[in-house]
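Using the sequences provided together with the hints, build the complete structure.
Residue numbers (the numbering used here), protein chains in the order written: chain A, 1 to 89; chain B, 1 to 367; chain C, 1 to 357.
Source of the hints: derived by calculation from the structure; they are not laboratory data.
For each residue, glycine too, the CB sits at the ideal point set by N, CA and C.
Just so you know, not all the hints are guaranteed correct.
To be verified - Okay, the calculated beta carbon distance ranges per label pair: (1) B:D242 / A:I72: 17 to 23 Å; (2) C:S80 / B:S25: 20 to 26 Å; (3) C:V62 / B:E334: 49 to 55 Å; (4) C:R205 / A:I12: 24 to 30 Å; (5) B:G239 / C:S80: 55 to 61 Å; (6) B:P258 / C:G213: 30 to 36 Å; (7) B:P205 / C:G155: 56 to 62 Å; (8) B:P311 / C:G155: 40 to 46 Å; (9) B:E334 / C:A76: 30 to 36 Å; (10) C:G68 / B:A107: 44 to 50 Å; (11) B:P258 / A:L75: 39 to 45 Å; (12) B:E6 / A:E15: 30 to 36 Å; (13) C:R264 / B:E53: 27 to 33 Å.
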Amino acid sequence: MCLGVPGKIIAIYEEEGLKMGRIDFGGVVRESCLDFTPEAQVGDYALIHVGFAISLINEDEAAKTLAILREIVDLDDEIGGHPQEDTVP
Amino acid sequence: MKYLDEFRDEELAQGILAQIRRVLSRPWVLMEICGGQTHAIKRYGIDQLLPPEIELVHGPGCPVCVTPLEQIDKALAIASRPDVTFTSYGDMLRVPGSGRNLFSVRATGGDVRVVYSPLDAVRIAQTQPGRQVVFFAIGFETTAPANAMAVARAKELGLDNFTVLVSHVRVPPAMRAILESPHNRVQGFLAAGHVCAVMGYWEYPAIAKQYDVPIVVTGFEPVDILRGILHAVRLLESGRADVENAYSRTVTPEGNRPAQALIEKVFMQTDRNWRGIGRIPMSGWSLRPAYADFDAELRFDVAAIAPQESPLCIAGQILQGHRKPLDCPAFGSECRPESPLGATMVSSEGACSAYYQYAGSAAAAGE
Amino acid sequence: MSTNNEATDFQGLVCPAPLLPQDHIEMAHGSGGRLMQGLIRQRFLPAFENSALSAGNDGALVAVTQCGRLVVSTDAHVVSPLFFPGGDIGRLAVCGTVNDVAMMGARPLFLTASFIIEEGLPIETLQMVLASMSAASLEAGVQIVAGDTKVVQKGCADGLFISTTGIGALLVNPDEIGGANARPGDAVLLSGSIGDHGIAVLAARGDLGFEAGVASDVAPLNSLVERTLETSEQVHVMRDPTRGGLATTLNEIAAQSNVGIVIREEAIPVRPAVQAACEMLGFDPLYIANEGKAVVIVAAEDAPAILETMRAHPLGGGAVLIGEVVAEPPGRVLMQTRIGTHRVVDSLSGELLPRIC
Numbered sequence: 001m002c003l004g005v006p007g008k009i010i011a012i013y014e015e016e017g018l019k020m021g022r023i024d025f026g027g028v029v030r031e032s033c034l035d036f037t038p039e040a041q042v043g044d045y046a047l048i049h050v051g052f053a054i055s056l057i058n059e060d061e062a063a064k065t066l067a068i069l070r071e072i073v074d075l076d077d078e079i080g081g082h083p084q085e086d087t088v089p
Numbered sequence: 001m002k003y004l005d006e007f008r009d010e011e012l013a014q015g016i017l018a019q020i021r022r023v024l025s026r027p028w029v030l031m032e033i034c035g036g037q038t039h040a041i042k043r044y045g046i047d048q049l050l051p052p053e054i055e056l057v058h059g060p061g062c063p064v065c066v067t068p069l070e071q072i073d074k075a076l077a078i079a080s081r082p083d084v085t086f087t088s089y090g091d092m093l094r095v096p097g098s099g100r101n102l103f104s105v106r107a108t109g110g111d112v113r114v115v116y117s118p119l120d121a122v123r124i125a126q127t128q129p130g131r132q133v134v135f136f137a138i139g140f141e142t143t144a145p146a147n148a149m150a151v152a153r154a155k156e157l158g159l160d161n162f163t164v165l166v167s168h169v170r171v172p173p174a175m176r177a178i179l180e181s182p183h184n185r186v187q188g189f190l191a192a193g194h195v196c197a198v199m200g201y202w203e204y205p206a207i208a209k210q211y212d213v214p215i216v217v218t219g220f221e222p223v224d225i226l227r228g229i230l231h232a233v234r235l236l237e238s239g240r241a242d243v244e245n246a247y248s249r250t251v252t253p254e255g256n257r258p259a260q261a262l263i264e265k266v267f268m269q270t271d272r273n274w275r276g277i278g279r280i281p282m283s284g285w286s287l288r289p290a291y292a293d294f295d296a297e298l299r300f301d302v303a304a305i306a307p308q309e310s311p312l313c314i315a316g317q318i319l320q321g322h323r324k325p326l327d328c329p330a331f332g333s334e335c336r337p338e339s340p341l342g343a344t345m346v347s348s349e350g351a352c353s354a355y356y357q358y359a360g361s362a363a364a365a366g367e
Numbered sequence: 001m002s003t004n005n006e007a008t009d010f011q012g013l014v015c016p017a018p019l020l021p022q023d024h025i026e027m028a029h030g031s032g033g034r035l036m037q038g039l040i041r042q043r044f045l046p047a048f049e050n051s052a053l054s055a056g057n058d059g060a061l062v063a064v065t066q067c068g069r070l071v072v073s074t075d076a077h078v079v080s081p082l083f084f085p086g087g088d089i090g091r092l093a094v095c096g097t098v099n100d101v102a103m104m105g106a107r108p109l110f111l112t113a114s115f116i117i118e119e120g121l122p123i124e125t126l127q128m129v130l131a132s133m134s135a136a137s138l139e140a141g142v143q144i145v146a147g148d149t150k151v152v153q154k155g156c157a158d159g160l161f162i163s164t165t166g167i168g169a170l171l172v173n174p175d176e177i178g179g180a181n182a183r184p185g186d187a188v189l190l191s192g193s194i195g196d197h198g199i200a201v202l203a204a205r206g207d208l209g210f211e212a213g214v215a216s217d218v219a220p221l222n223s224l225v226e227r228t229l230e231t232s233e234q235v236h237v238m239r240d241p242t243r244g245g246l247a248t249t250l251n252e253i254a255a256q257s258n259v260g261i262v263i264r265e266e267a268i269p270v271r272p273a274v275q276a277a278c279e280m281l282g283f284d285p286l287y288i289a290n291e292g293k294a295v296v297i298v299a300a301e302d303a304p305a306i307l308e309t310m311r312a313h314p315l316g317g318g319a320v321l322i323g324e325v326v327a328e329p330p331g332r333v334l335m336q337t338r339i340g341t342h343r344v345v346d347s348l349s350g351e352l353l354p355r356i357c
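Listed below in structure tokens is the structure:
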């Protein structure tokens with residue numbers, strides 16, 4: 001439900017009492033509301049849904065997840081598990 | 001893009017798949033609740049990769065699909081008024097009401113506009129004081145804070161020309177409804193990551209225990225989805241009805257407190273009809289009395305609307321995981337994305353649309 | 001050439017109040033009278049400078065030195081906003097038709113252009129569009145030899161609509177190149193990144209409030225096409241994937257040729273900003289419009305040479321092999337995804353709407 005896209009906060013400002021920010025989605029910039037992420041700082045990554053940051057990306061958790069997954073892959077290589085061929089429909 | 005591309009990696013996906021194959025000993029039925037996940041599963045062909053023992057059934061988490069017909073008919077009636085500028089998220093424009101959609105209202109002179117954010121609708125109201133601006137506030141918990149903010153802003157700004165047509169739904173009551181159905185086949189849930197980003201997942205352990213069903217908070221990229229499946233299969237294989245978070249870069253157990261607080265301030269829980277599924281008690285949100293001035297249903301007289309659903313459409317059974325799009329005799333023939341009978345063929349998150357788009361007429365032809 | 005002397009040069013039974021110099025288009029500019037003549041003489045003729053047009057007759061007399069067959073194509077151009085990064089409606093109107101003619105394996109020679117102008121359009125805007133058309137036709141090596149203007153009341157058009165018709169001389173044997181000619185084993189080439197035009201225009205429109213830093217790719221592809229045809233005699237299909245994007249174009253070819261087409265997601269060039277805009281709005285770049293890209297389907301053995309030719313051309317620097325033609329399943333386009341699976345790529349259905357939920 002709900003397309004959420006991670007973007008980097010490149011500016012923070014206030015507009016009519018709302019905490020707003022400019023979010024860089026890898027080259028595309030859009031204004032978004034940061035009122036739900038009061039702790040947000042420039043440089044943080046936020047998950048944006050319909051023009052609102054609903055969560056800040058926890059970069060440590062992301063790195064940890066990738067490290068764990070990487071281990072799974074390496075482990076798999078050691079055991080010699082062979083990914084099966086995909087079937088073409 | 002950072003935090004997307006890393007989670008679309010083929011090597012990681014294959015690694016997780018190998019793990020899934022290793023822990024799997026028998027068939028399991030999992031439901032991905034969110035339509036965004038259904039879309040990703042079809043777009044990346046994740047279901048082709050999975051061992052045949054794992055069946056994914058598609059959940060009701062497509063806000064466009066479950067918005068009840070009567071709300072769409074109300075939207076059509078309001079949008080047709082000459083004094084109204086009707087604003088909506090893009091997907092809702094094609095959803096069929098009883099016989100027509102917002103596109104046809106626009107074609108016959110209605111002022112219907114697509115907005116990216118509900119704050120854009122508030123801005124339109126500010127710049128057009130002479131017109132009634134109505135926003136179609138649909139969505140699950142993910143979208144509720146944004147829609148609540150639009151209403152709160154309108155109140156702060158003292159806008160007397162802005163109202164919302166609310167059709168908000170909540171995930172936990174739908175999960176319970178699915179699990180209580182006598183036809184239920186779901187043995188484990190992939191919970192919708194972005195709903196949990198807002199609400200957290202503190203409500204889920206009670207559901208998991210009560211119905212003996214593991215729940216894994218899951219993201220939207222291929223690696224995230226496969227990881228969610230791996231967690232769910234592990235829990236099922238070890239007989240544990242636990243809740244796990246496989247989307248920890250975005251979701252915390254408690255969720256987004258400020259967002260929850262604003263939802264609580266603006267909305268209250270209410271019974272809600274789900275299109276194709278029926279009434280689920282306390283499964284939705286409506287405006288609190290303090291915000292009644294911003295309720296489009298009160299401002300415009302739309303109470304007497306009596307909707308009519310296509311008799312061919314089986315969207316309701318699909319949304320509950322009882323049947324799949326290919327079971328529908330109208331799929332790909334009477335019902336196509338350009339002329340949908342039911343909402344599941346409209347939204348690209350809808351299961352029927354996702355099947356049509358990514359399995360194409362191949363699926364319709366039974367290949 | 002007359003200057004602004006209409007202001008005082010009135011005659012007959014008209015109110016002797018002087019006409020003021022206009023800076024906006026008025027209904028009278030389309031009335032067939034003096035104001036219209038002035039507009040044509042001062043704005044259109046100098047921009048499109050050529051003898052066939054300046055002869056001022058009801059039609060253009062043109063000489064076609066190549067004998068053989070002519071290719072004729074026509075296209076109506078509407079775009080909002082009229083100016084966007086990388087182009088404008090004038091450049092679009094020239095390139096769109098030039099490219100349609102070129103994709104047939106022809107050398108575009110002449111264009112005609114008809115303008116539907118909304119009352120109130122600033123004349124300076126019109127002037128800028130005409131200058132852009134002039135530059136684009138120079139770039140493409142074509143002449144705009146006939147034209148027409150109509151003015152409609154305010155609200156009856158969106159600023160300016162331009163229809164162009166193009167005439168070109170066929171450079172290949174008839175039936176050699178066409179949508180029905182793709183054969184199993186052929187290579188599918190693409191001249192560069194997809195989605196630039198659609199995203200540039202959407203961003204420029206401003207409705208969705210995003211800045212993309214992407215320029216439209218709108219460009220005349222006829223010289224790229226000619227170099228390609230000089231390189232290989234085994235080009236089977238050429239198409240420019242405009243509205244509906246690459247996905248829709250490939251589906252058309254698969255259906256016309258009754259073949260399957262398999263493309264690789266990873267091979268298809270998409271600029272990061274276009275990809276990002278698509279992520280944000282829930283679009284798929286495969287469905288976003290292009291105005292300066294060519295799909296070339298060619299016998300596999302000639303693919304490397306054509307890629308080399310295309311890459312040496314300023315409009316084909318990003319040319320790549322994106323897939324191949326297969327026998328089965330006929331009429332379908334399949335894509336090998338980033339994670340190694342295959343999925344069907346369908347044609348665009350309906351209007352492309354931002355997917356928000």
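Do the hints match the structure? See the list:
Checking the proposed 17 to 23 Å range against D242 of chain B and I72 of chain A shows it holds: the Cβ atoms sit about 20 Å from each other. Distance hint check: the CB atoms of S80 of chain C and S25 of chain B are about 59 Å apart, inconsistent with the given range 20 to 26 Å. In this structure the hint that V62 of chain C and E334 of chain B lie 49 to 55 Å apart at CB holds, the actual value being about 51 Å. The hinted window of 24 to 30 Å between R205 of chain C and I12 of chain A holds, with their beta carbons roughly 27 Å apart.
For G239 of chain B and S80 of chain C, the Cβ-Cβ distance of about 60 Å falls inside the hinted range of 55 to 61 Å, so the restraint holds. For the hinted restraint 30 to 36 Å between P258 of chain B and G213 of chain C, the CB-CB distance of approximately 32 Å keeps it satisfied. For the hinted restraint 56 to 62 Å between P205 of chain B and G155 of chain C, the CB-CB distance of approximately 60 Å keeps it satisfied. Restraint check, P311 of chain B to G155 of chain C: a C-beta distance of roughly 42 Å satisfies the suggested window 40 to 46 Å.
Between E334 of chain B and A76 of chain C the beta carbons are some 33 Å apart, a value that agrees with the proposed interval 30 to 36 Å. In this structure the hint that G68 of chain C and A107 of chain B lie 44 to 50 Å apart at CB holds, the actual value being about 45 Å. Taking the beta carbon of each, P258 of chain B and L75 of chain A are about 41 Å apart, inside 39 to 45 Å as hinted. A beta carbon spacing of about 33 Å between E6 of chain B and E15 of chain A agrees with the range 30 to 36 Å that was offered as a hint.
Checked against the given bound of 27 to 33 Å, the beta carbons of R264 of chain C and E53 of chain B, roughly 29 Å apart, stay inside it.
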